[in-house]
Amino acid sequence: MNSKSDKAGRAASDSASDGSIDSGLRERHGLFTALLETAVDGIIVIDPGGLIQIYNQACERLFGYRADEVLGRNVKLLMPSPYHQEHDGYLAHYHKTHERRIIGIGREVLGQRKDGTTFPMYLSVGEGTLDGQRFFVGIIHDLSAIRQEMAQREGADRLLAQIVQSSDDAIISKTLDGFITSWNPSAERMFGYGAVEAVGKHISLLFPSNRIAEEKEIMARLGLGLSVTHYETVRLHKDGREVLVSLSVAPICDGAGAIIGASKVARDITERKQAEAHALALQDELSHVGRLSAMGQMSAAIAHELNQPLAAISNYVKAAQRLLENDPTEQKLKTAREAMEKASNQTLRAGTIIRYLRDYVEKRDSARSRENLNEVIREAVTLAMMGHKHRNIGLSLTLDPAIPPMVLEKVQIQQVLLNIVRNALEAMAGIDHAELTISSAADAAAATITVRDTGPGFPAEVAGRLFQPFVTTKQDGMGIGLKICQSIIEAHGGIIEARNANPGAIFTVRLPLSLKEADKA
Amino acid sequence: MKQDGWLVHIVDDDEAVRDSLGFLLECNNIEACDYCSADEFLRTAPANIPCLVLDLHMPGTSGLELLKQLRARGLAMPIIVISGRIDPVLGAEVRAAGASAMLSKPFDDQALLALIKQALAMGRIVG
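First to last, the sequence lines map onto chains A and B. So for the first sequence, my numbering puts the first residue at -14; every next one is plus one. So for the second sequence, my numbering puts the first residue at -15; every next one is plus one.
Among these hints, one or two may not hold up.
Derived contacts from chain B toward chain A, CB cut-off under 7 angstroms, selection only [said to hold, decoys possible]:
| no. | residue |
| --- | --- |
| 1 | Ser4 |
| 2 | Phe7 |
| 3 | Cys17 |
| 4 | Pro90 |
These are computed hints drawn from the structure, not numbers from a lab. Using N, Cα and C, we set each Cβ at its ideal position, and we do this for glycine too.
Can you make the complete structure from the sequences, with help from the hints?
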């Protein structure tokens, strides 16, 4: 023991340790000292005037005063205002009236440390008499740790409650047998019942009659300790309308780990579902708009393309006219016939251009038909090459004749191919060894179309995002072309992929062979 | 009956246009020599040309670029530009670059023949 403790143990007016007492007394004194100094709670003894007689080691820790600083001083030193000012009055009042307010009882009060800070404590006060002299014993139990823990727990509870209250999702708890025990404001918004109405009712309140069985399945999973996450289903609003919800249900356990109920988080996905349907419709529209917008860019090119055969036709016909003037020779007649033949071929060329154009622009109702995939590819490539400065581009078409007829929406598939091929042509503009390789092949399940160019490939920053809308490498591009392509191919149950081929890029379109005419595109 | 020195050079990337135009000119006793690109023309054409019929939109060197190059070299021969796609801006550019005349495809054969004959006759007087 250090000297400080000895001092504390001795107490201010102690005269029992002067060596003149017998061994029994000495033993008792030793026990008393040990008791004081090992006590976890603070122990203070004051005389009737309030002056501190005994002040144990625990008190030094609690109040920050050493024993020698407080012994003999008024105990009010250890009290904050207003007890500090009033304590002398309390004592005087007690001496006069013997009316007990704290003595023999105890209560929660504040203590004041040497540094002026205060702390909560439970103070019990006893009264005794020694040698005809009255004294009071105060036992001080520090409450600060408990208080702090309680405050933390309350804070956490309050936070949790706030989260639950402010959540956009409905959060409901229920007992194992399905009775609602809590109901947050979002639950009220989503299902129309107020908390007062809902709590205590059975959860089946929210179930459409044809889905009552779901509750049993959910509870069975919970019984096994499993959760249910993002389960999309239908519940009923108070007014009878259906609410599309995504449910997550988890077991609630008591302190011992036993399952005592379930918490249920419901997200209203009615709007999301509507938005999805809307997006689909929009995509349909967008696909048409995309066609028209690409049309705008293409129309000038196509007009140019159309003017070539028209110019040729005019030249041939005028030349033939010239040949037929003034009693032509047999040779001139023959040449004129050849010219007419060539003119006729050019009218066919012009007609083909116009037919492609019309197929491309028209928005057709989703209509699938049995098609020769290679023919579809050939036409799309012809259209894509049209109006392009493709003289210096090597084109190789390797089409597998063994591909069986396929059910598909021809114009849409052609739009995809057109888009890919035109992208490839643009990518190869001004490149020395420009080669476009297009091939088709089939296995048992699917046909694969591959379009490869020798352009610069995709920059790394867009390579992974090519099929997201509004991603583009073109300065004036909208970045919706490939997104539309993807939706078309996916509507056919297929896959479209793009990767760098070094040099160039490869687009792969896989279409299942098994599509039925009845499937909607 | 062909007239001496009545030779027109044609630069156009469209085969049908080249073939039909050459045929039309031949039927009008004008010889034609054609090229499928401006680059081919630059590589193989002789230095002195009486008349050039030039398409605008071609892969590689465009008709407009060829026109500018020839004028930049101080070559003053008549150049008749033909195109399937001429807008006002492009038209102004072609004129500014020194084209003798401009025709939209398809064009009237008499208009073209008149321009060519005028060009060749002028070249004959100048030459």
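Hints versus structure:
no.: 1; hint: Ser4; in the structure: holds (3 angstroms)
no.: 2; hint: Phe7; in the structure: holds (5 angstroms)
no.: 3; hint: Cys17; in the structure: violated (16 angstroms)
no.: 4; hint: Pro90; in the structure: holds (4 angstroms)
Violation of the numbered hints given earlier is confined to hint 3; every other hint is satisfied by the structure.
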